[in-house]
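Q: All chains, please: the whole structure from these sequences, using the hints.
So the sequences go chain by chain: A and B. Numbered according to the numbering used here, the first sequence spans residues 1 to 347. Numbered according to the numbering used here, the second sequence spans residues 1001 to 1347.
The hints are simulated quantities; they were obtained by calculation from the structure and are not laboratory data. There could be a bad hint or two in this list.
Unchecked claim - Some residues of chain A that are not near chain B, with every Cβ distance over 12 Å (derived):
1. 39
2. 44
3. 46
4. 76
5. 137
6. 147
7. 165
8. 193
9. 225
10. 262
11. 263
12. 272
13. 273
14. 321
15. 329
Unchecked claim - Reference excerpt, derived from the structure (chain B facing chain A, CB under 8 Å, subset only):
16. 1269
17. 1272
18. 1276
19. 1301
20. 1303
A quick note: this is a predicted structure, and the numbers were derived from the prediction, not measured. Where a beta carbon is used, it is the ideal one built from N, C-alpha and C, also for glycine.
Number of protein chains: 2
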Amino acid sequence: MNPGFSEWMEGTGPESDIVLSSRVRLARNVKGVPFPHRMNDEQGRRLLDSVESAVNAMEPGWQVHFRRLQDMAPLERQVLMEKHMVSPLLVQNPIRYEGVALDQRESISIMVNEEDHLRVQVLLPGLQVEQAWQVANKLDDVLEQHLDYAYDETSGYLTAWPTNLGTGMRASVMLHLPALVITRQASQVFTTLAQLGIVVRGLYGEGSEALGNIFQISNQVSLGLTEDELVHNLSVVVQQIVGRERSAREHLKSNAELVMADRVGRSWGILTNARILTSDEALRLLSDVKLGVDLGLIEEPLPYTFPQLTLMTRPSFLQMEAGRELSASERDIIRARTLRTHLLGQH
Amino acid sequence: MNPGFSEWMEGTGPESDIVLSSRVRLARNVKGVPFPHRMNDEQGRRLLDSVESAVNAMEPGWQVHFRRLQDMAPLERQVLMEKHMVSPLLVQNPIRYEGVALDQRESISIMVNEEDHLRVQVLLPGLQVEQAWQVANKLDDVLEQHLDYAYDETSGYLTAWPTNLGTGMRASVMLHLPALVITRQASQVFTTLAQLGIVVRGLYGEGSEALGNIFQISNQVSLGLTEDELVHNLSVVVQQIVGRERSAREHLKSNAELVMADRVGRSWGILTNARILTSDEALRLLSDVKLGVDLGLIEEPLPYTFPQLTLMTRPSFLQMEAGRELSASERDIIRARTLRTHLLGQH
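A: Have a look at this one:
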């Protein structure tokens, strides 16, 4: 595993000031094998072996490396989750026969024995849902040469949960929407999205809060439309949200520049001077600072991107950096020091 | 008037990290003339003239300059009040025949037609109540050569209010007691002081709040004791309070250094980055920063003393600096800019 940052965190790609990342994941299952939540140990082990073989058979150009979760330290697994390379579900205990294949750049992730036998995921910076789908589609074709997918003419890909039936695809983007939140338009925008079959979640998926004004927006339905239609539709919706966020930012800049400069300045001042920071507070402050940079209220460019700074607030990443387990109060101290020194370029 | 800082604000003198200033004022009245609240215009004007003559007759070494309040712009009068050179009462409307004599260093102030005909005041940095009394005593002798004071063998100096009868003296010190406030010992200390006949007030005297953890401590009684006894007693009590504050600071440093470093760091970060600051918030933040410097939690020395920075938060001083009248919201902006640039040495 790369102990540092994933390539998608570098902040490149279209609309990357608002769209932090685009992700496509495909749910796939092997014919004749029970779904993970119903398989026995033997079935689990054999499925894991067969995916490992399929990954190892891939062209070297993919640079994909397979790992069994049992062979990884718990902290290492948690950091992968914090980097959005694997799902929270995959790294939950008890770990039995789960696996993950990652490429060097950490833009590809193939989870084994999560809810489905395979979850093929591609993660790219900025608004690149269609590009992510193209890569995922190729990856899927390569894997299918070695794995016999469960597929039905009527239902499409068979999946552990009916919501994934059909294409088995979920496309999602991670958005930073501080201006919509500050101008109190966010909930109205999200209500409209729900009517379009679009789901809004927080930073770490279902049930997680929108910490740091970061939202995950994804397609709800994967049945009845082609993959191309799904990613295109999501991309169009995201462009509309981006437009709304840009308008809200213009509005704040034109009508409340001083108040925003004050808010952003205070957040910067606290981030670079506090000695104790909870992760919630850190994300709130980082969100302000990111907005401040985007609005031109902070003139110096930040030495790290917003996704990189966000990762620096996470408990397991901090423990990995510190080289040991940390209590919650120790983390609050290390978090403050890490953010302070990195933001001031003193690390 | 000196548009900048008074000499007493330079932060010198004994215990000056806790004792910001020492002040002695003498209430004096001229025989046969009604007290100011009962005098007519003619009596007021003649009293003012006679004090002006007495001041002008002083040796040039005193460098004392006499002004009629009518000749001063309202803003100029207000700034004198903010610098503690005159009382709030003196500069209240309507201005009729009030006057003030100040020396170059702004350590001497002779108010005319405040509550009493004369209020002779000496203000020194640090804990120097006895020294202030010695200067005030000399000044009083010099003035008495030209003015016939109302004095009674039984009651001592006659004054407009009976609380000032006797010596007519009030000695006071201004203390910065953040650690006693943080450790919640302040109210207990002040209760004890009340039993000793010592009065505790806020930054601008009676009825004003203890903004910035700044307290004025003064003797209540001026009858029955000599001036030497009064100033000595006050000095001893202040030394005890200083000892309590020092213990509380040691305690915070030993037992809560990280929490204090966090608090102080946040206050510094906000002070140097906010764009809008009310005077209450500014004083609260400055108090933290001052404590941070005293505890060694802020390593860089501040370019200004705490009394100087406190003055920079005041409405009239800001308007004088800006060269025009400012609304409350304009002041909050100018205050933030003034403190930010001065603290960062960018002015």
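Q: Compare the structure with each hint and give your call.
A: Against the structure, the hints come out as follows:
For residue 39 of chain A, the requirement that its beta carbon stay farther than 12 Å from each beta carbon of chain B is met, with the minimum near 50 Å. Against the 12 Å criterion, residue 44 of chain A stays outside the reach of chain B, whose nearest CB is about 47 Å from its own CB. Residue 46 of chain A, annotated as away from the interface, keeps every beta carbon of chain B farther than 12 Å; the closest lies near 53 Å. Even its closest Cβ contact with chain B, about 29 Å, leaves residue 76 of chain A beyond 12 Å, as expected for a residue assigned away from the interface.
Separation of residue 137 of chain A from chain B is adequate, the least Cβ-Cβ distance of about 48 Å exceeding the 12 Å criterion. Against the 12 Å criterion, residue 147 of chain A stays outside the reach of chain B, whose nearest CB is about 53 Å from its own CB. Even its closest Cβ contact with chain B, about 52 Å, leaves residue 165 of chain A beyond 12 Å, as expected for a residue assigned away from the interface. Distance check on residue 193 of chain A: its Cβ is at least 34 Å (rounded) from any Cβ of chain B, clearing the 12 Å threshold; non-interface status holds.
The claim that residue 225 of chain A lies off the interface holds: its Cβ sits roughly 49 Å from the closest Cβ of chain B, which is beyond the 12 Å cut-off. Once the 12 Å rule is applied to beta carbons, residue 262 of chain A is inconsistent with being away from chain B; the minimum gap is 4 Å. The Cβ of residue 263 of chain A does not lie farther than 12 Å from every Cβ of chain B; its closest approach is about 9 Å, which violates its non-interface assignment. With a least CB separation of 6 Å from chain B, residue 272 of chain A falls inside the 12 Å interface cut-off, contrary to its annotation.
Not every C-beta of chain B lies more than 12 Å from that of residue 273 of chain A, the closest at about 3 Å, which undercuts listing it as non-interface. Even its closest Cβ contact with chain B, about 19 Å, leaves residue 321 of chain A beyond 12 Å, as expected for a residue assigned away from the interface. With a cut of 12 Å on Cβ distances, residue 329 of chain A falls inside the contact zone with chain B, its closest approach being about 9 Å. With 8 Å as the threshold, the beta carbon of residue 1269 of chain B comes within range of chain A, its nearest partner Cβ sitting at about 3 Å, so the hint holds.
Among the interface hints, the one on residue 1272 of chain B holds; its C-beta lies about 6 Å from the nearest C-beta in chain A, closer than the 8 Å criterion. About 4 Å separates the beta-carbon of residue 1276 of chain B from the nearest beta-carbon of chain A, less than 8 Å, and the hint is met. With a cut of 8 Å, the hint placing residue 1301 of chain B at the interface with chain A is violated, because the nearest CB-to-CB distance is about 17 Å. A least Cβ separation of about 18 Å between residue 1303 of chain B and chain A goes past the 8 Å threshold, and the interface hint is therefore violated.
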